[in-house]
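Got chain R sorted already, so can you dock chains Z and W onto it with the hints?
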Amino acid sequence: MATIVAEATGQAILHEEHEQSFLRKYVFATDHKVIAIQFLFTTLFFLMIGGLLAVLMRYQIAWPAKTLPGGGILPETMVASGYILPEFYNSLVTMHGSIMVFFAIMPMLVGVFANYLIPLQIGARDMAFPRLNMLSFWLMVPAGILTLASFFVIGGAAAAGWTLYAPLSARPDLSGVHLGQQIWLVSLVLIGLSSILGSVNYITTTINMRAPGMTWFRLPLTVWALFITAILGLLAMPVLSAAGIMLLFDQTIGTTFFLPAGGGQPLLWQHLFWFFGHPEVYILILPAMGFTSEIIASGSRKPIFGYKAMVWAIVAIAFLGFIVWGHHMFQSGMNPTLGLSFTISTLLIAVPSAIKTFNWMGTMWRGNLRLHTPMLFAIGFVAMFAIGGLSGIFMASTPVDIYIHDTYFIVAHIHYVLFGGSLFALFGAIYYWYPKMFGRMMNETLGKIHFVLTLVFFNLVFFPMHGLGMKGMMRRIYDPTGYQHLQGIQDTNQLISISAFCLYASGFLFAFNFFWSLRKGRKAEANPWDATTLEWQTPSPPKHGNWKEIPVVYHGPHEFSHPDVADKDWLAQNERPDVTSPAGAH
Amino acid sequence: MSDHAAASEEHGHEAPNYLLIWLYLFILTVAEVAVAFVSHFPKWVVVIALLTMAMWKALLVALYYMHLKFEPKRLRLVALAPLPAVAIMIIAIMMEYV
Amino acid sequence: MAQAATATAGRAPERGLDVYNQKVGMWVFLCSEVMFFAGLIGSYVVLRFGASDSWAQPGEVLNVPITAVNTFVLICSSVTMVKAFAAAEAGDQKGIKLYLVLTFLLGATFLGVQVFEYTHLIQHGEWQGSHGFTPRAGLYGSTFFTMTGFHGFHVLLGVICLGWASLQAFRGRWGSDHYHGIEVLGLYWHFVDLVWIILFTIVYLI
Numbered sequence: 360m361a362t363i364v365a366e367a368t369g370q371a372i373l374h375e376e377h378e379q380s381f382l383r384k385y386v387f388a389t390d391h392k393v394i395a396i397q398f399l400f401t402t403l404f405f406l407m408i409g410g411l412l413a414v415l416m417r418y419q420i421a422w423p424a425k426t427l428p429g430g431g432i433l434p435e436t437m438v439a440s441g442y443i444l445p446e447f448y449n450s451l452v453t454m455h456g457s458i459m460v461f462f463a464i465m466p467m468l469v470g471v472f473a474n475y476l477i478p479l480q481i482g483a484r485d486m487a488f489p490r491l492n493m494l495s496f497w498l499m500v501p502a503g504i505l506t507l508a509s510f511f512v513i514g515g516a517a518a519a520g521w522t523l524y525a526p527l528s529a530r531p532d533l534s535g536v537h538l539g540q541q542i543w544l545v546s547l548v549l550i551g552l553s554s555i556l557g558s559v560n561y562i563t564t565t566i567n568m569r570a571p572g573m574t575w576f577r578l579p580l581t582v583w584a585l586f587i588t589a590i591l592g593l594l595a596m597p598v599l600s601a602a603g604i605m606l607l608f609d610q611t612i613g614t615t616f617f618l619p620a621g622g623g624q625p626l627l628w629q630h631l632f633w634f635f636g637h638p639e640v641y642i643l644i645l646p647a648m649g650f651t652s653e654i655i656a657s658g659s660r661k662p663i664f665g666y667k668a669m670v671w672a673i674v675a676i677a678f679l680g681f682i683v684w685g686h687h688m689f690q691s692g693m694n695p696t697l698g699l700s701f702t703i704s705t706l707l708i709a710v711p712s713a714i715k716t717f718n719w720m721g722t723m724w725r726g727n728l729r730l731h732t733p734m735l736f737a738i739g740f741v742a743m744f745a746i747g748g749l750s751g752i753f754m755a756s757t758p759v760d761i762y763i764h765d766t767y768f769i770v771a772h773i774h775y776v777l778f779g780g781s782l783f784a785l786f787g788a789i790y791y792w793y794p795k796m797f798g799r800m801m802n803e804t805l806g807k808i809h810f811v812l813t814l815v816f817f818n819l820v821f822f823p824m825h826g827l828g829m830k831g832m833m834r835r836i837y838d839p840t841g842y843q844h845l846q847g848i849q850d851t852n853q854l855i856s857i858s859a860f861c862l863y864a865s866g867f868l869f870a871f872n873f874f875w876s877l878r879k880g881r882k883a884e885a886n887p888w889d890a891t892t893l894e895w896q897t898p899s900p901p902k903h904g905n906w907k908e909i910p911v912v913y914h915g916p917h918e919f920s921h922p923d924v925a926d927k928d929w930l931a932q933n934e935r936p937d938v939t940s941p942a943g944a945h
Numbered sequence: 003m004s005d006h007a008a009a010s011e012e013h014g015h016e017a018p019n020y021l022l023i024w025l026y027l028f029i030l031t032v033a034e035v036a037v038a039f040v041s042h043f044p045k046w047v048v049v050i051a052l053l054t055m056a057m058w059k060a061l062l063v064a065l066y067y068m069h070l071k072f073e074p075k076r077l078r079l080v081a082l083a084p085l086p087a088v089a090i091m092i093i094a095i096m097m098e099y100v
Numbered sequence: 003m004a005q006a007a008t009a010t011a012g013r014a015p016e017r018g019l020d021v022y023n024q025k026v027g028m029w030v031f032l033c034s035e036v037m038f039f040a041g042l043i044g045s046y047v048v049l050r051f052g053a054s055d056s057w058a059q060p061g062e063v064l065n066v067p068i069t070a071v072n073t074f075v076l077i078c079s080s081v082t083m084v085k086a087f088a089a090a091e092a093g094d095q096k097g098i099k100l101y102l103v104l105t106f107l108l109g110a111t112f113l114g115v116q117v118f119e120y121t122h123l124i125q126h127g128e129w130q131g132s133h134g135f136t137p138r139a140g141l142y143g144s145t146f147f148t149m150t151g152f153h154g155f156h157v158l159l160g161v162i163c164l165g166w167a168s169l170q171a172f173r174g175r176w177g178s179d180h181y182h183g184i185e186v187l188g189l190y191w192h193f194v195d196l197v198w199i200i201l202f203t204i205v206y207l208i
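Residue numbers (our numbering), protein chains in the order written: chain R, 360 to 945; chain Z, 3 to 100; chain W, 3 to 208.
Treat the hints as calculated values from the structure; they're not laboratory data.
Be a bit skeptical, because a hint or two may be false.
Estimated spans, in silico, between C-beta atoms of each pair [said to hold, decoys possible]: (1) Z:L65 / W:G183: 19 to 29 angstroms; (2) Z:S41 / R:F511: 55 to 65 angstroms; (3) R:Y442 / W:G114: 49 to 59 angstroms; (4) W:G61 / R:P434: 50 to 60 angstroms; (5) W:G183 / Z:A17: 16 to 26 angstroms; (6) W:I68 / Z:L53: 15 to 25 angstroms; (7) R:E803 / W:F155: 48 to 58 angstroms; (8) W:G114 / R:V710: 47 to 57 angstroms; (9) Z:F28 / R:F511: 53 to 63 angstroms; (10) R:F753 / W:F51: 31 to 41 angstroms.
Chain Z residues, not near chain R, derived (Cβ > 12 angstroms throughout) [what the hints assert, rightly or not]: (11) P18; (12) N19; (13) Y20; (14) L21; (15) L22; (16) V32; (17) A33; (18) A36; (19) S41; (20) W46; (21) V47; (22) V49; (23) I50; (24) L61; (25) A64.
None of the values given here were measured: they were computed from a predicted structure.
No residue lacks a Cβ here, since even glycine has one placed at the ideal position from N, Cα and C.
Chain R with its partners taken away, still in its complex shape (with noise of 0.2 angstroms):
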């Protein structure tokens, strides 16, 4: 593994001036472009060990009286005589959660995006602060690590859900779990901190390292979605820390921070946890959407419809984020009138987000569409982040959210917006950016493959999970066939599971078609999409330092079709100073 990772990024550096040693170009790295292939293979693989986790999950649920095949080779903690044990059950569905959240989803499209991308986005040669990137990078391995160990130590892993209700996640007699929930809180607290050194790199970086003409209603929408993100995460994250830190306390110390008998108050945790889990899934959205944006003006030819209100949508959903979080806690018996104002601001999200919608229509509305694999899980995205928001809606409202709290309806939204959401785009911006990354396009034909069985089954999965949560199939349940009024939906989750098995599957063919690629892949030159933006007015992969020289930027991002360029359809942002953009500003 080692080898072709090496293989990998060797092939991303073409080596230059001074001679590094082999450690500290690949494993010790302070290249931007490294670390992020470096976080890429790492959060490839805990995708892959997330993906595993939901695949025993659904197995258990779908048929809750057979045995695990090839179940032996697991612990008897874990499985005993062929049967998930409830306790890890718990575990699955609590590690599945955390794991995708923090170990894969975040960190792909932060850690391996933000890294590539801003530097090469707006002209400069590195971050900020290179050291403290590879820091960034060099804790989430201990992270990752700890997290898969405590899967191993007695009392299984944590088991609380990834929301870490108190006091159930406090109580270790209440659990059943002890050390695997205090070192999932270490390693939380070890990925928050990653997490909190990238944004400051991303902030300074965004901020005072733009080249020449590189303004900020210049910058891609990228850049500008990955630069609010870290935003959010800058301010969000250390509350999760401050909290989890909390928790820590109270199961090791002796504290009584969310313990009811020691006076303290379990709502406090999910105040502060929602406090940062809300900006967290706009953390985990707004990226997807900078890339969406960037693939799809790429695939369509033309333009970002509305590149301010794009700009002004990012920023207001950002700030409506703070505002959302009680929404998750309808339910908890909070203050009424707090629950109205919740409502309120949870609607208006609606807004920008939609906004956003229509003017990813109104680019395709009419472009000359080139429907390459990127292009259709752009698409994609749009359509399946459209109906996990159409979901949201509805959840937004207390009285309904009353009924459909804790259900599979819930289930169905989070992976509308995650998977359909964040997936998609991310599967979009791997294929997308794969040949500036190593020099290689990954194969098309498996990748419309991939487009289609990844689309198929996933709605073949979810899309159903909206009627049992309205049925009633609460979340996070070991055996539906022990509830009365779930009597006849067996049917349905048999479907999902088998159609989870085959959406598993199908990821294999993605990672086939990324490992093959890297070795025998169509060598690709600069620019293989002809698109604007600055990566690609340099070789795939860039030289150490990015440029010869700095460029200097003429034009806005997405200049595709313009009326005045008449050899071809697209104007990179650092030729010709004489063309003017056709809205004028700049």
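Relative to chain R, chains Z and W alone:
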């Protein structure tokens, strides 16, 4: 704003009197302890007075020792950025207990 | 990381904040620290509001006079820190060494007094009949030790950096053309002082 172009390396202003600020901080600290223990005002008056003095001290440190008073406006914006988030968090959670 | 403007056909890079990267970076980092302490202090405020009867009166458990003096020590360290920065700007090598070492010593003193206070409280503190005041002493104990403990941890990190900076001063590293490190360390140190100003008031006096 244009004369700020060279301001990052050199301060275009006189250094504040750091010792004077230190004296203010000392006086405020003494005043705080006095108000907390010696006064006979109702509790809520004491709390407001103490919080005001604490904020005043914090502002003195931020504006003069941390130089914010003399930095470009945009940097002051960066420094202020977390405050609305803090206010939102505390006010909203407080509503549970009021 | 300065990029030569000459490499870009006479066009200057975009202005940004007109402040060098490390200073911007430190301020951005301090924003995250504000949120971290806000999480701890906000929780304290909320928990206390919900349990105001079972809270100690100022001075009942904690030693306010010693802590007031300690607060003063930390404030003095901020003065010496800013004087170290002024000395660096002016290229005053003697001043740089003197004030950095003074700041280090004052910071270490603050920590020493804190450790002394903690040990005294844990061994001899009295609260609600228990012998010894620890993090287990209800919400009052939980919040006190967590907030002051994390502040102390931040002071410790600062003191370590000050030790390093002082060593560097004796190696002649700092000067009127190389003082950004001191300025940025100073920002962190003043922030730590600022947080203590708030903590002292809220935890010890209210």
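So, going through the hints one by one against the coordinates:
{"no.": "1", "hint": "Z:L65 / W:G183: 19 to 29 angstroms", "result": "holds, 23 angstroms"}
{"no.": "2", "hint": "Z:S41 / R:F511: 55 to 65 angstroms", "result": "holds, 60 angstroms"}
{"no.": "3", "hint": "R:Y442 / W:G114: 49 to 59 angstroms", "result": "holds, 58 angstroms"}
{"no.": "4", "hint": "W:G61 / R:P434: 50 to 60 angstroms", "result": "holds, 55 angstroms"}
{"no.": "5", "hint": "W:G183 / Z:A17: 16 to 26 angstroms", "result": "holds, 19 angstroms"}
{"no.": "6", "hint": "W:I68 / Z:L53: 15 to 25 angstroms", "result": "holds, 23 angstroms"}
{"no.": "7", "hint": "R:E803 / W:F155: 48 to 58 angstroms", "result": "holds, 53 angstroms"}
{"no.": "8", "hint": "W:G114 / R:V710: 47 to 57 angstroms", "result": "holds, 56 angstroms"}
{"no.": "9", "hint": "Z:F28 / R:F511: 53 to 63 angstroms", "result": "holds, 57 angstroms"}
{"no.": "10", "hint": "R:F753 / W:F51: 31 to 41 angstroms", "result": "holds, 34 angstroms"}
{"no.": "11", "hint": "P18", "result": "holds, 26 angstroms"}
{"no.": "12", "hint": "N19", "result": "holds, 31 angstroms"}
{"no.": "13", "hint": "Y20", "result": "holds, 28 angstroms"}
{"no.": "14", "hint": "L21", "result": "holds, 33 angstroms"}
{"no.": "15", "hint": "L22", "result": "holds, 33 angstroms"}
{"no.": "16", "hint": "V32", "result": "holds, 32 angstroms"}
{"no.": "17", "hint": "A33", "result": "holds, 31 angstroms"}
{"no.": "18", "hint": "A36", "result": "holds, 32 angstroms"}
{"no.": "19", "hint": "S41", "result": "holds, 29 angstroms"}
{"no.": "20", "hint": "W46", "result": "holds, 22 angstroms"}
{"no.": "21", "hint": "V47", "result": "holds, 27 angstroms"}
{"no.": "22", "hint": "V49", "result": "holds, 21 angstroms"}
{"no.": "23", "hint": "I50", "result": "holds, 25 angstroms"}
{"no.": "24", "hint": "L61", "result": "holds, 21 angstroms"}
{"no.": "25", "hint": "A64", "result": "holds, 18 angstroms"}
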